[in-house]
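Peer 1: With the hints as your guide, set chain B onto chain A.
2 protein chains.
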Amino acid sequence: MAAADYFAKHKETLSTALETIASRGFWSPYPERASGSIYGESAADEGEVAFKARLGKPFELSGHPGDGYLETGETSPYGLELGVTYPKLSAAEAIAAAKSGMKAWRDAGVEARAGVCLEALARINARSFEMAHAVMHTTGQAFLMAFQAGGTHAQDRGLEAVTYAYREMTSVPAVARWEKPQGKNPPLVMDKHFNVAPRGVAAMIGVSTFPTWNGYPGLFASLVTGNPVVVKPHPMTVLPLAISVEIVRDVLAECGFDPNLVTLLTDRRDAPVAKELCTDPAVGIVDFTGSNAFGEWLERNCPQAQVYTEKAGVNALVIDDFADVKGMARNLSFTLSLYSGQMCTTPQNIFVPKDGIQAGDQRLSFDEVAETLAGALEKFLSDDERAWGVLGAIQAPETAQRIEQAAQMGEVVLDSRAITHQAWPDARIRTPIMLKIDGSERDKYESELFGPISFVVACEDIDDALEKWRETVARKGAITAGVYSDRAETLKKAEEVAQEVGVALSVNLTGGVFVNQTAAFSDFHATGANPAANAALVDSAFVANRFRMVEIRYPVAAEG
Amino acid sequence: MAAADYFAKHKETLSTALETIASRGFWSPYPERASGSIYGESAADEGEVAFKARLGKPFELSGHPGDGYLETGETSPYGLELGVTYPKLSAAEAIAAAKSGMKAWRDAGVEARAGVCLEALARINARSFEMAHAVMHTTGQAFLMAFQAGGTHAQDRGLEAVTYAYREMTSVPAVARWEKPQGKNPPLVMDKHFNVAPRGVAAMIGVSTFPTWNGYPGLFASLVTGNPVVVKPHPMTVLPLAISVEIVRDVLAECGFDPNLVTLLTDRRDAPVAKELCTDPAVGIVDFTGSNAFGEWLERNCPQAQVYTEKAGVNALVIDDFADVKGMARNLSFTLSLYSGQMCTTPQNIFVPKDGIQAGDQRLSFDEVAETLAGALEKFLSDDERAWGVLGAIQAPETAQRIEQAAQMGEVVLDSRAITHQAWPDARIRTPIMLKIDGSERDKYESELFGPISFVVACEDIDDALEKWRETVARKGAITAGVYSDRAETLKKAEEVAQEVGVALSVNLTGGVFVNQTAAFSDFHATGANPAANAALVDSAFVANRFRMVEIRYPVAAEG
Numbered sequence: 097m098a099a100a101d102y103f104a105k106h107k108e109t110l111s112t113a114l115e116t117i118a119s120r121g122f123w124s125p126y127p128e129r130a131s132g133s134i135y136g137e138s139a140a141d142e143g144e145v146a147f148k149a150r151l152g153k154p155f156e157l158s159g160h161p162g163d164g165y166l167e168t169g170e171t172s173p174y175g176l177e178l179g180v181t182y183p184k185l186s187a188a189e190a191i192a193a194a195k196s197g198m199k200a201w202r203d204a205g206v207e208a209r210a211g212v213c214l215e216a217l218a219r220i221n222a223r224s225f226e227m228a229h230a231v232m233h234t235t236g237q238a239f240l241m242a243f244q245a246g247g248t249h250a251q252d253r254g255l256e257a258v259t260y261a262y263r264e265m266t267s268v269p270a271v272a273r274w275e276k277p278q279g280k281n282p283p284l285v286m287d288k289h290f291n292v293a294p295r296g297v298a299a300m301i302g303v304s305t306f307p308t309w310n311g312y313p314g315l316f317a318s319l320v321t322g323n324p325v326v327v328k329p330h331p332m333t334v335l336p337l338a339i340s341v342e343i344v345r346d347v348l349a350e351c352g353f354d355p356n357l358v359t360l361l362t363d364r365r366d367a368p369v370a371k372e373l374c375t376d377p378a379v380g381i382v383d384f385t386g387s388n389a390f391g392e393w394l395e396r397n398c399p400q401a402q403v404y405t406e407k408a409g410v411n412a413l414v415i416d417d418f419a420d421v422k423g424m425a426r427n428l429s430f431t432l433s434l435y436s437g438q439m440c441t442t443p444q445n446i447f448v449p450k451d452g453i454q455a456g457d458q459r460l461s462f463d464e465v466a467e468t469l470a471g472a473l474e475k476f477l478s479d480d481e482r483a484w485g486v487l488g489a490i491q492a493p494e495t496a497q498r499i500e501q502a503a504q505m506g507e508v509v510l511d512s513r514a515i516t517h518q519a520w521p522d523a524r525i526r527t528p529i530m531l532k533i534d535g536s537e538r539d540k541y542e543s544e545l546f547g548p549i550s551f552v553v554a555c556e557d558i559d560d561a562l563e564k565w566r567e568t569v570a571r572k573g574a575i576t577a578g579v580y581s582d583r584a585e586t587l588k589k590a591e592e593v594a595q596e597v598g599v600a601l602s603v604n605l606t607g608g609v610f611v612n613q614t615a616a617f618s619d620f621h622a623t624g625a626n627p628a629a630n631a632a633l634v635d636s637a638f639v640a641n642r643f644r645m646v647e648i649r650y651p652v653a654a655e656g
Numbered sequence: 097m098a099a100a101d102y103f104a105k106h107k108e109t110l111s112t113a114l115e116t117i118a119s120r121g122f123w124s125p126y127p128e129r130a131s132g133s134i135y136g137e138s139a140a141d142e143g144e145v146a147f148k149a150r151l152g153k154p155f156e157l158s159g160h161p162g163d164g165y166l167e168t169g170e171t172s173p174y175g176l177e178l179g180v181t182y183p184k185l186s187a188a189e190a191i192a193a194a195k196s197g198m199k200a201w202r203d204a205g206v207e208a209r210a211g212v213c214l215e216a217l218a219r220i221n222a223r224s225f226e227m228a229h230a231v232m233h234t235t236g237q238a239f240l241m242a243f244q245a246g247g248t249h250a251q252d253r254g255l256e257a258v259t260y261a262y263r264e265m266t267s268v269p270a271v272a273r274w275e276k277p278q279g280k281n282p283p284l285v286m287d288k289h290f291n292v293a294p295r296g297v298a299a300m301i302g303v304s305t306f307p308t309w310n311g312y313p314g315l316f317a318s319l320v321t322g323n324p325v326v327v328k329p330h331p332m333t334v335l336p337l338a339i340s341v342e343i344v345r346d347v348l349a350e351c352g353f354d355p356n357l358v359t360l361l362t363d364r365r366d367a368p369v370a371k372e373l374c375t376d377p378a379v380g381i382v383d384f385t386g387s388n389a390f391g392e393w394l395e396r397n398c399p400q401a402q403v404y405t406e407k408a409g410v411n412a413l414v415i416d417d418f419a420d421v422k423g424m425a426r427n428l429s430f431t432l433s434l435y436s437g438q439m440c441t442t443p444q445n446i447f448v449p450k451d452g453i454q455a456g457d458q459r460l461s462f463d464e465v466a467e468t469l470a471g472a473l474e475k476f477l478s479d480d481e482r483a484w485g486v487l488g489a490i491q492a493p494e495t496a497q498r499i500e501q502a503a504q505m506g507e508v509v510l511d512s513r514a515i516t517h518q519a520w521p522d523a524r525i526r527t528p529i530m531l532k533i534d535g536s537e538r539d540k541y542e543s544e545l546f547g548p549i550s551f552v553v554a555c556e557d558i559d560d561a562l563e564k565w566r567e568t569v570a571r572k573g574a575i576t577a578g579v580y581s582d583r584a585e586t587l588k589k590a591e592e593v594a595q596e597v598g599v600a601l602s603v604n605l606t607g608g609v610f611v612n613q614t615a616a617f618s619d620f621h622a623t624g625a626n627p628a629a630n631a632a633l634v635d636s637a638f639v640a641n642r643f644r645m646v647e648i649r650y651p652v653a654a655e656g
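One line per chain: the protein sequences are A and B, in this order. Quick note: the first sequence uses the working numbering, first residue 97, plus one each step. Quick note: the second sequence uses the working numbering, first residue 97, plus one each step.
Looking at chain A on its own, in the form it has when it is part of the complex:
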């Protein structure tokens, strides 16, 4: 099929997406239920077979630049032998290949490019089972989470990026007639053509934990606005992005475009290539998710490019007087357990007044608050099978070490334990550790301790708790924040802090919505307003500067 046909095929999806980013209600075209009744009864088996067929061999991409294959060091946190190698090429080769199809891609126009991106997303969706295995065995996410966060929710974010970019590119008409009255003389008349011009080659630098969810927005936003994309995954988490690249390339080639508009550039941790890639004069866009240190380096050292970063921060919860302590503890048990706290949205610090809180008609001391949270968490994870289905595995050995070291940092309220997975005996699975520390120990709670590590911090009172939260966000950044309070005054103060330091705030979550989850088309992920990120997924600012408008104007001879 041609790109225009794919645009027609997916037009309704795009149209609903356009409505939803404006109304910000719930919607997703990619069902999150990993069910045969939705994806086909054979889809689960086929996905597993397809994943297994990738293992122990080179990942071949037809027509892709490079010479030979690279072993990146990718390993499964579940202990499965992966053994996939990837095309071996230099940043310069990737960039050169990317540039060759750029003009035809630009000239194809908005609808053709959107058609290709929408079809690629639909095909990625159809392969969500295969993707779930690939995400699970690289990031360590449990299978169902990998299906959702690595599959359908990532597809949502990709579609959201295409939608915002489409809206932005079409907010100016392709041609406009301008007619300026000249009193008694004939008017001045001009025809003005507005052309979308890409910025250059885009570099998408993937993260080890959410390669697709954090990667698709930049990948698809850059591609649909006319820029070729070099995808540079984290060396430990290549496969999900490699499969994605393969699918996009297939659609590009089928529609008559150069598949090298999207290439895969891999590296090893001992020979990283991202700096060379991102500082190349041909690179006009960089999307990055990862460490603060490298994110800030990119922000400061790529003046030739528009740089979008999602880094890390220190997320917090503030707990004030709150009656439904049970609901809170239940909600936070899931929140703190999900993917073993390896989300950039997981809370680390729980600020609680040292004199405790009023829980309805019951008084809970500071220690009792900590014990309530720890107890609920322990109970939630008491069944191993349920536990590993939420926890998944620890992606990096460094995170497992960090959990062990954390035990020295305060009084342990709940210790971490290793769990043995039935199917994957070598899986690196750890339950969360929770500690109590004093509000004076700022050096501890202001350090980001990535993984399932949380501090219950004793504060002077609720105002001090809010202030400590405010200070950590202002200084260290945060992607999320949560507050629990029955008092309107506290909520008002919390809203003010959230707005002042620019962090998204979830209030009194006790049900099935969690502070560390955001829904595409409705919630923004990160604000771009504090040190944790300079951009949000996804808003106009994320797309509007990925292209520039080039106007060409012609005079029109006056009629009559």
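Hints are computed from structural coordinates only; laboratory data are not their basis. On a predicted model such as this, the values are computed, not experimentally measured, just so you know. Just so it is clear, CB atoms sit at the ideal spot from N, CA and C, and this is done for glycine as well. You may find that some hints are simply not true.
Derived list of chain A stretches under chain B, where covered just means 3 residues or more per stretch with a C-beta under 8 Å from a C-beta of chain B [said to hold, decoys possible]:
hint, segment
1, 262-272
2, 526-540
3, 590-596
Peer 2: Only chain B this time, still in chain A's reference frame:
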């Protein structure tokens, strides 16, 4: 009146502006005719009186921070003694004062802020005669041009910025309900509040030649999105921005806001303050118009801020076979004369095939093309009164020197001459100089020679002319470009060059539209896609990152 009332008062204007940025037809709410029938029969006299009343004394701004008054070195290119001094303060004092009203300004909301900005623009419009004198006697623009480019057209650009920002801020609803089905269970329901959060203090760095036209977009875009603005004019061109600041402060104060949300920070050329201002950690936005060197310095050295730059480039025309040589020469006579070429949009290089062009049934040699252009220009400026009405005066003594030095750079086709203004005998008035150079003299045509200096460059053929144009834009940047050709093939190639290097292109202008003029709401000024500017006036990318959305979400108890 309250801000909400001003919003209601100007709502229709905003509504038409919103329609026009989408349709990009002709429209302006600020009449460009300096006529008593529009502005009131006494407006011209009152404007002159108001301007004269400013001279020879301190410019007082009630409640403004600072101690004493600064003599900035501002002088009139017409020789009028100005003698205005301005509040003397440090960058730190301006920033401190700016911050104090920030929270109330943020909390006032989009409509209140838009109301203040729209009323300020309307009041600035009503004072267009006063502004015309202030612009004329600082920039050197002729009075009528000062009325339009410094007055009404600048107001258009300011309104355009408010309009884009308003559209962007309201593209997300203030509150949205999200309802996610849960099969047989009750749905998850959340109320989500989306709050516009400012980025920080905005620094607006003014330029000597178009203080209001280039300044209002950043000033109003930052202000309406919730950021206080420190206006730092060029020390030689303070008065137009000082008057603008005064008007905005009046409206702010009248509506109950802190007038120090907009302050005036002046400096002298021997003690510049812009670096200190723009690198302050509290500064979140920088708007700059001026030199490439300082613009690039700002782009690289203010990582804490979003930096928008309009710098300089080397604009060009390409002349191919073209029948209406007379129309072209007439059009270019005005183009090259207007404000003595002191526009960042004035062409400098005129690339012509060395074997000449076919002008209908007539063959014109390269020399004849140059002579035709020079002859038309000479004739156009032969009447002194008409000449100075278009040329205005030379803003900076350095520009007058540059004209003299340019005479050594090639074969002079038309020399510059000084003209004596009847009313202003000391005015620094110079007609354009035009030279012929060879295509091999790249070092000459690739240097930006600001002022009324143009080169007719002998190229191998039309493809070489297009290639030389392409190279200069890619290497040095350009704000505008023009091509004259009767051949579809050449126009196609020219369009391709324009898109590839990202420069706005005007084709075959022979009437009343000029390559160096753009109309707000319809034309983009600069593309942001080549080294001459990293932003365009005005598009979504210019406004979308001046604020961030802070989401606050609450669960809603399931009904029933």
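Peer 1: To test your reading of the hints: which numbers does this structure violate?
Peer 2: 2
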